[in-house]
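Chemist: Chain order of the listed sequences is A and C. Just so we're aligned: the first sequence equals residues 1 to 115 in this note's numbering. Just so we're aligned: the second sequence equals residues 1001 to 1114 in this note's numbering.
Don't take each hint at face value.
In the SDA-like style, the derived pairs of lysine to any residue whose C-alpha atoms are separated by at most 20 Å in a straight line are [as the list claims (entries may be wrong)]:
#1 C/K1042 - A/K61
#2 C/K1057 - A/Q42
#3 A/K69 - A/G28
#4 A/K49 - A/E66
#5 C/K1057 - A/A95
#6 A/K61 - C/F1104
#7 C/K1057 - A/G41
#8 A/K61 - A/L13
#9 A/K61 - C/P1002
#10 A/K49 - C/D1096
#11 A/K49 - C/H1029
#12 A/K49 - C/S1009
#13 A/K49 - A/K69
#14 C/K1042 - A/K69
#15 C/K1078 - C/G1040
#16 C/K1078 - C/S1009
#17 C/K1042 - A/S110
#18 C/K1042 - A/Q42
#19 C/K1042 - A/N32
#20 C/K1042 - A/Y25
#21 C/K1042 - A/T86
#22 C/K1042 - A/G41
#23 A/K49 - C/P1002
#24 C/K1042 - A/H10
#25 C/K1042 - A/Y27
#26 C/K1042 - A/H43
#27 C/K1042 - A/Q45
#28 C/K1042 - A/P55
#29 C/K1042 - A/Q6
#30 C/K1057 - A/L13
#31 C/K1083 - C/N1051
#32 C/K1042 - A/A95
#33 A/K49 - C/K1078
#34 A/K49 - C/E1003
#35 C/K1078 - C/N1051
#36 C/K1042 - A/S18
#37 C/K1042 - A/S26
#38 A/K61 - A/F72
Think of the hints as simulated: they come from the structure by calculation, not from any bench.
One-letter residues, chain by chain:
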Amino acid sequence: AQSVSQHNHHVILSEAASLELGCNYSYGGTVNLFWYVQYPGQHLQLLLKYFSGDPLVKGIKGFEAEFIKSKFSFNLRKPSVQWSDTAEYFCAVNAPSGGSYIPTFGRGTSLIVHP
Amino acid sequence: EPEVTQTPSHQVTQMGQEVILRCVPISNHLYFYWYRQILGQKVEFLVSFYNNEISEKSEIFDDQFSVERPDGSNFTLKIRSTKLEDSAMYFCASSDRGLGDGAFFGQGTRLTVV
């Protein structure tokens, strides 16, 4: 079965610091990759997604992620974080299983940005 | 912006009682999902629903769980006889072309079983 690992469970940064959150998955075939964000008290929102093509994907709010197939990774980055980026971040992977996709989420990374 | 709506936002129930969690997906979406997140743990897939039937379900989704789209707009998750370990945040999601295209998630319903 596929699995998704997010290595950083808690990250604390100061404003303007750079961010990189790791995500690795175990499935060896074609995958669709996602990052979701959950702001305090709010619902899960899609930040960005990768299906094919350019492995560097740009999302909302200045976030980007790079798909590195050889490393089975899809790390999330932001060059300069803001206090408002404080949230829980989830990596998710869709891989085919039979005729449909089985969506799997990572455990999540809690990001706290100090002003 | 369209959104997925879930009600109630918080439900407290006694062990052994039945609960129904309600979701109103985005109107033109065809694929519907339920996930849950036990406090401190990862988001777990429960079930997907397409064309009025379950298309995928996880091991968590046992006979105690059922889903329904009773009226073409609501999408419900029923837990027949709740257990303490059912306490979690339950998220509904919908998408227009399957989860391969990313999904819109609702705010979640926090279920507390006492």
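Chemist: For each hint, tell me whether it holds in the structure or not.
Modeler: Hints and how they fare:
1. C/K1042 - A/K61: violated (24 Å)
2. C/K1057 - A/Q42: Between C/K1057 and A/Q42 the Cα gap is close to 26 Å, so the pair fails against 20 Å, i.e. violated.
3. A/K69 - A/G28: Holds, at about 9 Å.
4. A/K49 - A/E66: holds (10 Å)
5. C/K1057 - A/A95: holds (15 Å)
6. A/K61 - C/F1104: holds (17 Å)
7. C/K1057 - A/G41: Violated - the C-alpha atoms of A/G41 and C/K1057 are around 27 Å apart, more than 20 Å.
8. A/K61 - A/L13: Holds: A/K61 and A/L13 sit about 17 Å apart, inside 20 Å.
9. A/K61 - C/P1002: Holds - the C-alpha atoms of C/P1002 and A/K61 are around 19 Å apart, at most 20 Å.
10. A/K49 - C/D1096: holds (15 Å)
11. A/K49 - C/H1029: Holds - the C-alpha atoms of C/H1029 and A/K49 are around 19 Å apart, at most 20 Å.
12. A/K49 - C/S1009: Status violated; Cα separation ~28 Å.
13. A/K49 - A/K69: Cα-Cα ~15 Å, so holds.
14. C/K1042 - A/K69: Given pair C/K1042, A/K69 is violated - Cα atoms ~24 Å apart, limit 20 Å.
15. C/K1078 - C/G1040: violated (23 Å)
16. C/K1078 - C/S1009: Holds, at about 15 Å.
17. C/K1042 - A/S110: Roughly 12 Å separates the two Cα atoms, so the pair holds.
18. C/K1042 - A/Q42: With Cα atoms ~16 Å apart, C/K1042 and A/Q42 stay inside 20 Å; holds.
19. C/K1042 - A/N32: At roughly 19 Å apart (the allowed maximum being 20 Å), A/N32 and C/K1042 satisfy the hint.
20. C/K1042 - A/Y25: Since the Cα atoms of C/K1042 and A/Y25 sit roughly 14 Å apart, the hinted pair holds (cutoff 20 Å).
21. C/K1042 - A/T86: Status holds; Cα separation ~18 Å.
22. C/K1042 - A/G41: holds (17 Å)
23. A/K49 - C/P1002: Given pair A/K49, C/P1002 holds - Cα atoms ~19 Å apart, limit 20 Å.
24. C/K1042 - A/H10: holds (14 Å)
25. C/K1042 - A/Y27: Cα-Cα ~18 Å, so holds.
26. C/K1042 - A/H43: Holds, at roughly 15 Å.
27. C/K1042 - A/Q45: The hint holds at about 16 Å.
28. C/K1042 - A/P55: Violated, at roughly 26 Å.
29. C/K1042 - A/Q6: Holds, at roughly 10 Å.
30. C/K1057 - A/L13: Not OK: C/K1057 and A/L13 at ~38 Å, beyond 20 Å, violated.
31. C/K1083 - C/N1051: Roughly 30 Å separates the two Cα atoms, so the pair is violated.
32. C/K1042 - A/A95: Judged against 20 Å, a Cα distance of about 18 Å means the pair holds.
33. A/K49 - C/K1078: Distance ~31 Å between A/K49 and C/K1078 Cα, so the pair is violated.
34. A/K49 - C/E1003: It holds: about 19 Å lies between the C-alpha atoms, which stays within 20 Å.
35. C/K1078 - C/N1051: holds (19 Å)
36. C/K1042 - A/S18: violated (25 Å)
37. C/K1042 - A/S26: holds (16 Å)
38. A/K61 - A/F72: violated (25 Å)
In summary, the structure is inconsistent with hints 1, 2, 7, 12, 14, 15, 28, 30, 31, 33, 36 and 38 from the numbered list given earlier, while agreeing with the others.
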